[in-house]
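Generate coordinates for the entire structure from the input sequences, incorporating the hints supplied.
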Amino acid sequence: MKINITVNGAEQAVDVADNALLSDVLRDALGLTGTHIGCDTSQCGACTVHLDGRSVKSCTILAGQADGGEVTTIEGIANGEELHPMQVAFRANHALQCGFCTPGMIMSAIDLVASSDEPLNAEQVREGLEGNICRCTGYHNIVKAVLDAQANM
Amino acid sequence: MNAETGIGASALRKEDARFITGKGQYTDDINVFGQTFCVFVRSPHARAKIKSIDTASAMAVAGVIRVFTGDELTADGIGDLPCGWVVTSKDGNPMVAPAHPPIATEFVNYVGEPYAFVVAETLQAARDGAEAVSADFEVLEAVVDTGTATSSAQIHENVANNQAYDWELGDKDATDAAFAQADHVTSLDIVNNRLIPNAIEPRAALGSYDAASQTYTLYTTSQNPHVERVVLALFVQVAPEANLRVISPDVGGGFGSKIFVYAEETAVIWASAKIGRPIKWRADRSESFLSDAHGRDHVTKAELALSSSGEMLGLRVKTIANMGAYLSTFSSSVPTYLYGTLMAGQYKTPAIYVETQAVFTNTAPVDAYRGAGRPEATYVVERLVETAARELGMDPVELRRINFIPTDAFPYQTPVALQYDTGNYAASMAKALELADSDGYMARKAASEAAGKLRGRGYSCYIEACGLAPSQLVLQLGAGVGLFESAEVRVDVSGSVTVMTGSHSHGQGHETTFAQLVSDRLGIPFDSVNVIHGDTGRSDYGLGTYGSRSIAVGGSAIDKALDKIIAKGKKIAAHMFETTDDQVDFADGQFSYAGSNEPKPFAEIAGAAYIPAVYPLDELEPGLSEKAFYDPSNFTYPAGSYVCEVEIDPTTGETDIAKFVAVDDFGNVINPMIVEGQVHGGIAQGIGQALLEHGIYDSSGNLATGSYMDYAMPRADDLPDFQVDMTSTPCTHNPLGVKGCGEAGAIGSPAAVMNAITDALGVKDVSMPATPQTVWQTIQQGT
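Residue numbers (numbering that gives the first Met the number 0), protein chains in the order written: chain U, 0 to 152; chain Y, 0 to 782.
I should point out that these hints are in silico values taken from the structure, not numbers from a laboratory. Just so we're clear, the structure is a prediction, and the values are computed from it rather than from any experiment. Any given hint could be a false lead.
[As the list claims (entries may be wrong)] Below, in silico cross-link-like pairs of lysine-lysine (BS3-like), each with a Cα-Cα straight-line distance of 27 Å or less:
id, chain 1, residue 1, chain 2, residue 2
1, Y, K347, Y, K22
2, Y, K763, Y, K317
3, Y, K89, Y, K171
4, Y, K171, U, K143
5, Y, K430, U, K143
Given below as structure tokens:
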């Protein structure tokens, strides 16, 4: 089937198999390998992207379901050379080590902050990132980064 | 020194620029022209004889190119996956290793063991093909339990009693004598739970063969690409060493599980030559659970002999270590030389005797996982010490203090082979108590009790042997490889520098830390240093990254190469100053000579090296590029004190980590931010072991915890903020005074947590993981 999706601001017409996952289409058809595959049960969150402004695990969505939608991946959140405040905060707070969970973690964190009316506290950040697994950092610096970034978003 | 990027500065990481923008290049992100896809067909049985394999239906699936079975590899001369460390039993016999063909031929011995693989045009076709492979199995009785493996059905034809070896260390008679005169003996039966490493990047491989040059290129998720290459070339015999290039690009975490040489990359690189096209494989997470080497899985009886005043007199440990179905790459060394040797801990216990029986079961192979042997040893020692203090009615801190090896006793020879070079255990303990607000504990405990909660406090004072390792010592002990590290420092014409290291970064931040070291020593900008790693085609033979060895061994190799660069720079400068090189000084990036008031910056000397006008070429070769191999003369001995406070809800059994303090002595530290991050991650894995994680096989050998739905990974809301600090006694035998920091957190933390939980509950022992169910049941039973 052919789907029309806007990915990181660019409209795309893509031929996809009926059973193709959004994550596979992003990685394989569109070459956006910043979206990572870390599990097969929608648990790890490494594949998190934004679909129509909300974070979704792209391994849990059929590409066909995204037809007509607007997808933002880790490659699309910076404004040209200017990094997104969440990217800046992750680096400034050493919130990543191997970097594999990082794109999904950043995409989840952006949505977490953006969809909260009130400033989040550490406990709320920890609860909000429960769907993204990091094996390297122990989350300590990720929590710091998200709290740091929300002041600049 | 530059305050932001020099040695000791928390420089922000160079590698982050690509990781935060999605531009990392992990193995599965790499695609090559003409690539095919591979799916492995895995055993559904824990133990079975393969009577026949039917590949015809799979071959009929559209898009399937070839289906391979183990017999085809064997017929082609592909060897077994070897274990690289021969441990010798008490009776003088070498360990017994079963045959381990990469793809099973006659028998399958754990659920998930591959017995065929399908190569197809697309991943979907390969999956469909794998579904269509069928085999006729004669199912055999599976052996699953660690403690009873030796008396169970014999798994391998050549391995009696399912025992790989029965090893000992220490003086048995002296230890028995110490127990005979003890006033008190504390005993514990300890199970160190099986863990599944779970780097978030699943293992992957992309193998290709170029027929024109007869060369093989393997991209794979390895912590040590040179070891991978040497094993595949010399032992498995996939290709001549010269014709095989192994590249580990960005690797998404390892924790030990990516040290080993596995079936999958072996199959992929071998088969790429058979079909004449590149082949890619990436594990699904369920495959990672089944086929990555697991960790820990010990059953131990441990006893500590003490005087009535709490003096530790003797330690006796008997451990059964589960190896799984085969001996993985370094598995044999983990419950022996990385375990028994650590039983002195931070204490001057005079007599220690350790026995380790390594057994086979029909489970996934067990090998090094973050800490590898040292977490198990620390758990034994620190659970015993805390329990002994309670039994003697002593303060557990005081009992430790009176037994610490004093600062004036270094170098200290332990009764279990190691010689500690330096340390100050009381200093770490004092700092940890202060950070933990030890004085306020009773008030916090009272507040918890007022809220209907149980509060407990536990300590753990670990030691580890890192910086693996003095080559000649480990070769004597049975290792099959030396454990030095390589470095090459290439200075460019303009004075910028490229460093090739045999260490491999899969999260540790070497591109930053090593650049800090180079920029600091050469006095050149941090941004003009590039660090290259993970490619056997670009760097010299090196041993890779595990055992917290990279800064202590790899960093020291770089330092040694920098010495050579500076020495040659002095020679060149001497000609320019018209003096001799012993008259030339180098500091802050300037070569200077007392007889001249115009020092030469490093970049000028670099330029002169490559534009050789000023020095005689019959005396001095042009260029400025130096190599070094550094072989450590001893292990390094990071040590620290951890304090954990827990609050338990007795109605649910839920444990909350109310406070976690870690004070580590890593010697000198290049980048404190990165080091603290390593500690955080280690503690998270240690708390994971203590509270959440458990690899469980059912009685027929099925992995009951084969996904993130069943295996409890620590998530953000399971963990507290950590309070991390350091003390420092610089390592005495490497040029940087560094010790290594990668594993400490995972080594020190499980005992601290479990000491706190047993304190809160007022019981002698609780098995890890202390899940709410386990804790609740313990409360109900009151024991």
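Hint check results:
A threshold of 27 Å between alpha carbons decides the hint, and for Y/K347 with Y/K22 the separation of about 51 Å lies outside it, so the pair is violated. Pair hint Y/K763 plus Y/K317 holds up; C-alpha atoms about 19 Å apart against a cutoff of 27 Å. Annotation: proposed proximity of Y/K89 to Y/K171 holds, straight-line Cα distance about 12 Å (limit 27 Å). Under the criterion of a C-alpha separation no larger than 27 Å, the hint pairing Y/K171 with U/K143 is inconsistent with the structure, at around 51 Å.
Among the hinted pairs, Y/K430 with U/K143 is consistent with the structure: their alpha-carbon atoms are about 24 Å apart, no more than 27 Å.
Violated hints for the displayed structure, listed by number in ascending order: 1, 4.
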